[in-house]
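A.B. asks: Just need the whole structure built from these sequences, with the hints factored in.
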Amino acid sequence: MIRMLNHPSDDLVVNVGDNRFKDNTVDLQIDRIDDVGQAIAQVQDLLANRKYLIEYYL
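Okay, so the sequence shown: first residue is 1 according to the working numbering, each after it adds one.
None of the hints are false.
Okay, derived cross-link-like pairs now, SDA-like style, lysine to any residue, Cα gap no bigger than 20 Å in a straight line:
(1) K51 / Q29
(2) K51 / H7
(3) K51 / D27
(4) K51 / D11
These aren't lab readings, by the way, just hints derived from the structure by calculation.
C.D. replies: Here it is, written out as structure tokens:
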């Protein structure tokens with residue numbers, strides 16, 4: 001539903017914990033956050049690999 005509402009823009013799904021998304025693709029699955037810095041790095045890597053702008057300044 002969110003993807004349909006956001007169309008034509010792109011979105012990414014990051015799931016933390018149990019994956020309860022039955023019909024949607026999860027772009028990044030983080031089972032547990034034992035190290036917040038590592039989880040942030042995983043999200044940053046996902047954004048960089050998808051060519052998202054990680055830092056934006058006005």
